[in-house]
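Each chain, letter by letter, is given below.
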Amino acid sequence: LAKTTQPISMDSYEGQEVNITCSHNNIATNDYITWYQQFPSQGPRFIIQGYKTKVTNEVASLFIPADRKSSTLSLPRVSLSDTAVYYCLVGGTSGTYKYIFGTGTRLKVLA
Amino acid sequence: EPEVTQTPSHQVTQMGQEVILRCVPISNHLYFYWYRQILGQKVEFLVSFYNNEISEKSEIFDDQFSVERPDGSNFTLKIRSTKLEDSAMYFCASREGLGGYNSPLHFGNGTRLTVT
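So the protein sequences, as listed, match chains A and B. First residue of the first sequence? That's 1265 in this note's numbering, and the numbers climb one at a time after it. First residue of the second sequence? That's 2 in this note's numbering, and the numbers climb one at a time after it.
Watch out, some of these pointers could steer you wrong.
As the list claims (entries may be wrong) - Beta-carbon label-pair distances, calculated as ranges:
| hint | chain 1 | residue 1 | chain 2 | residue 2 | range |
| --- | --- | --- | --- | --- | --- |
| 1 | A | ASN1290 | B | ILE21 | 32 to 42 Å |
| 2 | B | ARG81 | A | LEU1374 | 27 to 37 Å |
| 3 | A | ASN1289 | B | SER28 | 34 to 44 Å |
Unchecked claim - Partial selection, computed: residues in chain A whose CB lies under 8 Å from chain B:
| hint | residue |
| --- | --- |
| 4 | THR1269 |
| 5 | PRO1271 |
| 6 | ALA1292 |
| 7 | THR1293 |
| 8 | GLY1307 |
| 9 | PHE1310 |
| 10 | THR1317 |
| 11 | GLY1355 |
| 12 | LYS1362 |
| 13 | PHE1365 |
| 14 | ALA1375 |
Source of the hints: derived by calculation from the structure; they are not laboratory data. C-beta atoms are modelled at their ideal positions from N, C-alpha and C, and glycine is treated no differently.
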């Protein structure tokens, strides 16, 4: 199983762009990279998923270099409501693959 | 947007009692999961379920735990004899899993289990 490493915590100010990097050195060929957001007392919420290069949706962008050993979640112009824990997961393309959560990155957005 | 629903949102039980946590996964999803999160700690995998049987389970998921999909829509987690250390948020998740696309997990908002 691919292990992920993220910074434990980050602080940012409202309106800034936040980049959270995840290291996954032993990512397998078929593994996708998925990011989740979790607010206190709520279930993790899917943010974005990618395999290589860049993926963008309405809330975030995901940058994956060619070697795929790391990925960066980019949150443009964060607001106070983006204060949450962000998890990076890597997983395969089929089956019941048990997605393993790491400790995540606790993002605190300050006014 | 379809979502995973869990009931109850909060369950209080006495040590040694049985509890059943209920989940309704998204209707066209094929793979089902239970995770738990002890307060202040990370989300831990318990069990995955596909085609009416357990696919994989963690060391946490011992003989006190069982899962069932009784009627094609509900997915339940039973703890036979609760212990104090079972106090946690329990999250149900499901994923579509069709073809080769790595469909992401969709989580419910959890059941907070408090064992006294």
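### Query
Where does the structure disagree with the numbered hints, that is, which hint numbers, in rising order?
2, 4, 5, 6, 7, 10, 14
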